[in-house]
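**Student:** In order, the protein sequence lines correspond to chains A and B.
Using the numbering used here, the first residue of the first sequence is number -8, and each one after it goes up by one.
Using the numbering used here, the first residue of the second sequence is number 2, and each one after it goes up by one.
Derived by calculation from the structure, the hints in this document are not laboratory data.
Accuracy of the hints is not assured; some may be wrong.
[What the hints assert, rightly or not] Derived CB-CB ranges, DEER-like: (1) Thr415/B <-> Glu72/A: 44 to 50 Å; (2) Gln111/A <-> Val432/B: 41 to 47 Å; (3) Ser46/A <-> Arg73/B: 57 to 63 Å; (4) His122/A <-> Ser74/B: 23 to 29 Å; (5) Ser96/A <-> Asp387/B: 33 to 39 Å.
[Unchecked claim] Stretches of chain A that chain B covers, calculated by requiring three or more beta carbons in the stretch to come under 8 Å of a beta carbon on chain B: (6) -4 to 4; (7) 96 to 105.
All values derive from a computational prediction rather than experimental measurement.
Backbone N, C-alpha and C define an ideal beta-carbon position, used for all residues, glycine too.
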Amino acid sequence: MTMLARHAEDLFWAGRYVERAQDTARLLDVTYNEQIEAGPVFARKTWFDLLQVLSLEATFAASGRRLDAEGLTSFLVADRENPGSIVIAIERARENARGLRELLSTELWEAINNAYLSLQARDVARDLDEHPAQLYAFVKTACQTILGAAAETMNRDDGWRFLMLGVQVERAEMTCRLIEVHSRRVPADAHPTMADWSRLLESAAATEAYVRTYAASPDPAHVLGFLLLSRTFPRSVFYSLRAAEQILQNIDPESGMSEARRILGRMRAGLEFRAIDELLDDDLPAHLEALQTDVLDVATAVAHRYFRMAEGDLHLTAVRGEPAEGVRLPGGVLSS
Amino acid sequence: VTSSETHTAGTSGSFVLARDLFADYDVGSFFDEAAAPDGKPRSHYRTYLDAIGEFSLDELRRRARMRDATFRSRGITFTVYGDDAGLEKTLLMDLIPRIIPADEWAAVEAGLAQRVRALNLFLEDLYDGQREAVRDGIVPEWLVVSSDGFSREAFGIPAPGGVRCLVAGIDLVRGADGGFYVLEDNLRNPSGISYVVENRAVMNRLFPRITGLHRIRPVDHYGASLLRALRSVAPPTASDPTVVVLTPGVFNSAYFEHAFLAREMGAELVEGRDLVVDDHTVFMRTTTGLRRVDVIYRRLDDHFLDPVGFKSESMIGVPGLLAAARAGRVTIANAVGNGVADDKGVYPFVPELIRYYLGEEALLPNVATYLPWEPDHLEIVLERLDQLVVKPVAGSGGYGLVIGPSATDEELDTIRRQILEDPRAFIAQEVVQLSRVPTQIGDGVAGRHVDLRPFVLARSDGIEVIPGGLTRVALREGSLVVNSSQGGGSKDTWVLYDSGEMG
C-alpha cells in the first residue's frame, strides 16, 4: 500500500486536530470546574498551570488577555491567534479534509464539515459566558461523531492508518497533559477527596471504566495508574502508545525497527513493565514531560520516514520542483 | 385535500398545491421547453407536471431546505474570487428539472460527437500534422497564430490516438425556433460535470417518487467513463497506466470538482509539488517513495503546467513536465494548446472544419456570428451594436460580455472603441432568445432562460456523450446571462430513454 506523502501528512494532522479539539474541551471542562471550587485565589494558579502544561504561556501573554476564566477559556476555545484553540483545530481539520475529499468517505467529510459549520454558527462567547459545559459537550460529541464516522466508513488502508496514528499520538500526549495539570493541583501526597479524582476520571471519560475496575475508591495510585497504564481503557497513555505502535507496524510490516517504532516501543515498554508506585514515588511531572518529549520525537520520525521519504530517492537529472511558498500551510504548524 | 380547500386556503401556504403554482404560468413569447405556445404541457413534461402538481407549497419549501442543507453539508461548492475571496458558495440547483426527450437528444448527441471529432482532427493537424486545414485556406493562418490559445510549446507533444481534447464542454442554446445552436466550445478545462452528477444524486434524494416515474438516462458513471478515456491515451509503453488528477490546490474555485473526479476515478489528486520529473519520467511522491505517473488529467491552465517549459514565474507547476510529455513518457490531458480551437474567432470556422475533415454537414449549427476584422462585418457590427452580443475571443465565464439591447450608451461606446482598436479580440453574435424552462422563483413558478453544457469524452477508440449536461439558468427575470459567476443557478437535466429502450 502506498499513498501520496502529502495526503498521508494531511491525514495524520487531521487526526491530531480532531483529537486536540476534543481533548482541549476535556481539559477545559475539568479545569473550569476545579477553579470554581478552588476559589479566586487559587483560580489564577489553576489557569496558569493549564497554560504551562499546554506550553502556551507565551502565546497567551501576547494575546493580552486576562488570566481568569473568561480570558483563558476564550483563548483556548476561540482565539484565532492561538494555534491550539478548539476553533482553529476544527478549522484546520476541515481544511485538511477538504484537500482530502477523494480519500474520505462522504459521511466522514460530512461529519467534519458539519462540526465546522455548527461551531461557526454558535455564539461561542455567549456559550462560554452562560453554559461552557454545553459547549464542551458539543465539541466532544462533534469529535466523536467524526471519529465514529471514520471508524464506520473508512477503508482500512494507509489513509485510515495515518489518520488514526495522528489521533493516537495526540491522545497519548493530551492524556499526559490532563494528568499533569491535575497532579499539579492535587499532589499525590495530599489528601485528595473523591471529588478531585472523580473529576480527573470524568474528564478522560474514564469514570465507569475505573469504577468497574477498582470500585469507587479514590486512590491516587489507582487513578493515575488507570489513566497511564490501563491495558483495556482506550484513552490511557499505554493504550494509545500500543495502538500507535500497532498502526505503524501495519503501515510498514517489512520495515523492522523504524525510528518511530523504536521510540514507541521503548515508551510502551517503559509503562508496561513499570509498577505504578515507581512512577508515583519518582518525579511524576518529570515522567509525564519525558513522555511528551518522546511523543514529539515519534511525530518527527514519522514525518521523516513517510512524509519526506521521497527526497532520499531522487537522483535528479532534470530540474526539480520545490513546494510552492505560501500556497498552503503545511500540516504540522503547531508547536507541541 | 379537495380542490375547494386548495382555493379557499389561498396564499396561506400549507394547502396550496404546486399545480396551482403553474396555473398562472406565462409561456411568454419565448420557446418554452415545458409548454407549447398555447400553455399546454409538452408531452415529455406531462408525467412530471402531474406528479409535482400533487406537492403542496409547504412540501416544496421543505424540499428546498433539504436541498440547501444537503449541498452545504456535502460541501458541493465553488470558491468566489474578488471581493469575497475564499468564500465558498453553492451553485443553487432549481427544484424543477429540465427534461429532454430521447429523439431530440439523439440529434444533439450526434452533432456533439461530430463536432468534437472534427475539432480533435483540427488540433492534431495543427500541432502534429501538416497543417492542411490552414494550407487549404479553411482557416486563415494569421487567425490561428494570433490566437492566445495557440501554443508553440505544443508542437511535437504526441497525443495517443489523436485525442487532444479528451473532455469537451460544448455550450448549447435553444433559440426561438426550439432548435439547438452551438454558442461556444470549451476544449481546455471545461468544468461543471460534478454538478451534473451531484444534482442528480440530490434530486433522487429529494424526489425519489418522481424520478422513479421516469426512465432517465444515468450520469453517475462519469468517473468510470473518464478513467477509461484517460487510460486509452496513456503512452503505449504503459501496460497498466497510473492516472492522476492535477489540481492547482484547495483554493482553486473548482477544487470541489477536482476532488470529486479523483474520488470517482479512484485516482490520486495531486498538486504540482507532489510530482517530480526525473529523466523525462514523471513521479509522484508517496509514503513509500517515488511512483511513476503515466497520464495526468490536469485542471490548470497551460501556462501553469511547467515553469521551465513555459518560462513562467508560476510556483504551482511541475518543472520538466512539458519535456517529459514531449518525450512521450507521460500524457497530459487535455493536451497543451487546445485554446486555439475554442478561440471564439476560430469558432465561426468550425462548420467548415467539419465539412473539411469529415465530409459531413454540421449537424448542430452555430449562432450567426460577425467577425469585426472583416471590413464588411465590421460595418454591420458597428451599425447594429445595440442589437448584438459582443464577446472577447479568449474570455470565458461570461466575463467581458456586452449584450447590446441591455447595455448603456457608455458601455456601447467603450466596446465600440475597443473593437476599433483591436478587432481580432472580439466577435459579435445575434442575440439568441434563449429557451425557457419553468423555475421555482420565490413561492411561485416562472419561466427562466437556460443554456446547456453537455460533456463529451473522446477516447482513442470512440466518443461518448454524457446524457444531458449542466443546464444553467438565469434566475433573474429576463436575464440571458446564465454563468454561475454572474448569478445563475443550475437544473438537473433529464434525458429520457426512448420508449422502446430499456432503462
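**Student:** Now, for every hint given, state plainly whether the structure supports it.
**Tutor:** Going down the list of hints, with the structure as the test:
| no. | hint | verdict |
| --- | --- | --- |
| 1 | Thr415/B <-> Glu72/A: 44 to 50 Å | holds (46 Å) |
| 2 | Gln111/A <-> Val432/B: 41 to 47 Å | holds (43 Å) |
| 3 | Ser46/A <-> Arg73/B: 57 to 63 Å | violated (36 Å) |
| 4 | His122/A <-> Ser74/B: 23 to 29 Å | holds (26 Å) |
| 5 | Ser96/A <-> Asp387/B: 33 to 39 Å | violated (54 Å) |
| 6 | -4 to 4 | holds (count 4) |
| 7 | 96 to 105 | holds (count 5) |
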